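Undergrad: One line per chain: the protein sequences are A and B, in this order. For the first sequence, my numbering puts the final residue at 624, and the numbers step up evenly by one. For the second sequence, my numbering puts the final residue at 725, and the numbers step up evenly by one.
Incorrect hints may have been included.
Distance condition first, Cα-Cα at most 25 Å in a straight line; then the derived PhoX-like pairs of lysine-lysine [claimed, not checked]: (1) Lys405/A to Lys537/A; (2) Lys592/A to Lys724/B; (3) Lys724/B to Lys593/A; (4) Lys551/A to Lys167/A; (5) Lys438/A to Lys361/A.
Residues on chain A that point at chain B, a partial pick, calculated with CB under 10 Å [as the list claims (entries may be wrong)]: (6) Lys361; (7) Thr473; (8) Arg476; (9) Ala478; (10) Ser596; (11) Thr599; (12) Ala604; (13) Ala607; (14) Gly610.
Calculated from the structure, these hints are not laboratory results. Keep in mind the model is a prediction, meaning the values are calculated, not measured. Just so it is clear, CB atoms sit at the ideal spot from N, CA and C, and this is done for glycine as well.
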Amino acid sequence: MVDYLWLIVVLPLLGFLINILFGKRIGEPLAGWLGFSLVAISWLIALVPTLDFLLGHANPETIFYYSWIPMIGADVAILWDPLASLLVMIVTGVGALIHLYSIGYMHGDERFARFFAYMNLFIASMLILVLASNFALMFVGWELVGLSSYLLISFWFTKPTAAAAGKKAFIVNRIGDWGFLVALMIIFATFGTFDFVTIFTTAPAILTTGVATAITLLLFVGATGKSAQIPLYIWLPDAMEGPTPVSALIHAATMVTAGVFMMARSAVLFELAPSTGIVVAIVGASTALFAAVIAVTQMDIKKVLAYSTISQLGYMVLGIGVGAYSAGVFHLTTHAFFKALLFLGAGSVIHAMADEQDMRKMGGLRKMMPITFATMTVGWLAISGIFPFSGFWSKDEILAATFDKGGAWLILWGIGLLAALLTAFYMTRLWVLTFWGKPRWAEGTQPHESPWTMTVPLIVLGVFSLMFGWFNTPARLAFEHFLEPSFALIVHHEAPSLKSFYVLATIALIVAIAGIVWGWRRYHRTDLPVEEGGFWKNGLNAFYVDEFYGKVFVAPGMTISEWFADTVDPKIIDGAATGIASGVESFGDELKKTQSGRTRAYAAGIAIGGILLMLAFLVLGGGL
Amino acid sequence: MTVTVVWYLVLAAALFSIGVGGVLIRRNTLVMFMSIELMLNSVNLTFVALSKDLGLIEGQVAALFVMVVAAAEVTIGLAIIVSIFRKRSSANVDELAEMKG
């Protein structure tokens, strides 16, 4: 019935091909409008089938197109269910808005068309990832988003830091991909297919807890790479070297949620491995807190948002870990809106401040940039978890689900709450330092509001950040009902009672307001607090985790590589090759002497050989 | 004293040995070539003798084959020898060592 859905993948891919082949000729701004409109059309195409799910008119279905590798059940096919449709809506919807924003933001860049080509490639890759009907095709999308992320982070590759950041993201992700790949091998060895529906329907019958734990832990390793969790989160702050729309689209709203999406997709497997859930929840909660602490100390406006993203992803992972899959996905959705909004707002500020990213050199911008200020305020309230903004509903749902498990899980709930306090604090810090107080601009800066292509996406995202949470209030769980068909194979957890939710929500709200008040009192004054030395210095350097990894993993790796390059390759490998060659050559030199060219010598050889053969017959008889 | 098959075989062995000796000792290509023919025909003799003795027709067939192949070989061999002789005005086999390894 929805056979035409292949179009939503192919259109951005087409945009990629057109812009990469003819982009220079199409030029600015037409190349950007082309990229934007193709993604927007994809969104429109997917809109009606998604609404069908929302209204309960449609059932999940697999749409088969092409048998790619029949032996392993790897078809080019779409698993069209509410979860996939939701992600398609986010990727194409937020994606289209960010394309629109980029037309203004990338104005004047000499590789304008190339940027939109890569962006379209990313959209297409992400759509392959979320629409895939089997793990093999999902892995194709998984790797393709890694590639396009690399291309976009190092888009300004003439800057050495950008080139290095791209490489770092790619390599760190590769470590996660290793886990994903091994998980896929075990899955194939166990099930003999990669097809989602087959795997998930047969899993409870044939999967032992041990194998399920192995598979899900390895899948989680993959997720820590893409979704920037401890210990593989280190690439994401560096990824801020890319253009700001890239940070908004890929490293806040969509790609980093791939890990969360993948775990939600494999929810059946995670349900069979309770101990994995504990690991996932602990990692998620620790990431949420740790990244929030670092975010408090950052001075670069984009770095604050980067660590904030890691922290929020920690919440989603915590949600998956406690088995609240739809809560995790719900937070994924609201986060996509408010974090994209915050990044685009930050980009608008950076644009206005002539590429200044240090918050110490901002201040007082609210009058010059009213639209950016208003929309950023919405984003700030949403991420802080203030009623009735979207972040309030989604974050609370995860915390409530954690609380509901009771026992030792309450520690994780406490950690989540503490992270929420810090979130409200550092976001207030960002908001006050940027928009309030006296201007501390560098000389000659003339802040101005951004063009309409940049403000319209801000407004749209602002509206969603405000209202999307109303979709899924504890009184009316529309979002969870919407996702139900995707999680139909899972035993449903009892939703927390309305009364306990009110108590928990009040606690969370008090915590958030406390964070905001704390931040406001600390930063809204003329003499800004000195934040140097001790904790601040350590935090600004992200507690030297990069340096630690550098010493423990990179340096030995480099030593081994150099040893291989300087010793093993030239001496052992090359030595073996040249040794065999020269051995053969000198042996040949010896044999050459027998080829005298004298016919009679050859004849004598044959005669002697014949005589010897005859003698052998005589001596040994017929037994030869 | 009756002539048995052994006599033929002894004669054939003698002819074969003369052929081998000719190939090994003589330097003239033509003579070496004749020696090879002698060896072939000594083998033919054993074929025919044993064919008669054992009452099997296959030996005679083999002999006919050898004759046919030898005829073809003679044509080609002589042609090569003649052309070498024309080129070098010598038929000494020891001088033909260009293919030395």
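Undergrad: The structure should be examined with respect to each hint, and the outcome stated for every one.
TA: So, going through the hints one by one against the coordinates:
1. Lys405/A to Lys537/A: violated, 38 Å
2. Lys592/A to Lys724/B: holds, 8 Å
3. Lys724/B to Lys593/A: holds, 9 Å
4. Lys551/A to Lys167/A: holds, 18 Å
5. Lys438/A to Lys361/A: It holds: about 10 Å lies between the C-alpha atoms, which stays within 25 Å.
6. Lys361: Lys361/A check fails; min Cβ-Cβ to chain B is 83 Å, beyond 10 Å.
7. Thr473: violated, 93 Å
8. Arg476: violated, 94 Å
9. Ala478: violated, 89 Å
10. Ser596: Hint holds; Ser596/A Cβ to chain B Cβ min 6 Å, cut 10 Å.
11. Thr599: holds, 5 Å
12. Ala604: Holds, about 6 Å.
13. Ala607: holds, 5 Å
14. Gly610: holds, 8 Å
The earlier numbered hints that this structure contradicts are 1, 6, 7, 8 and 9.
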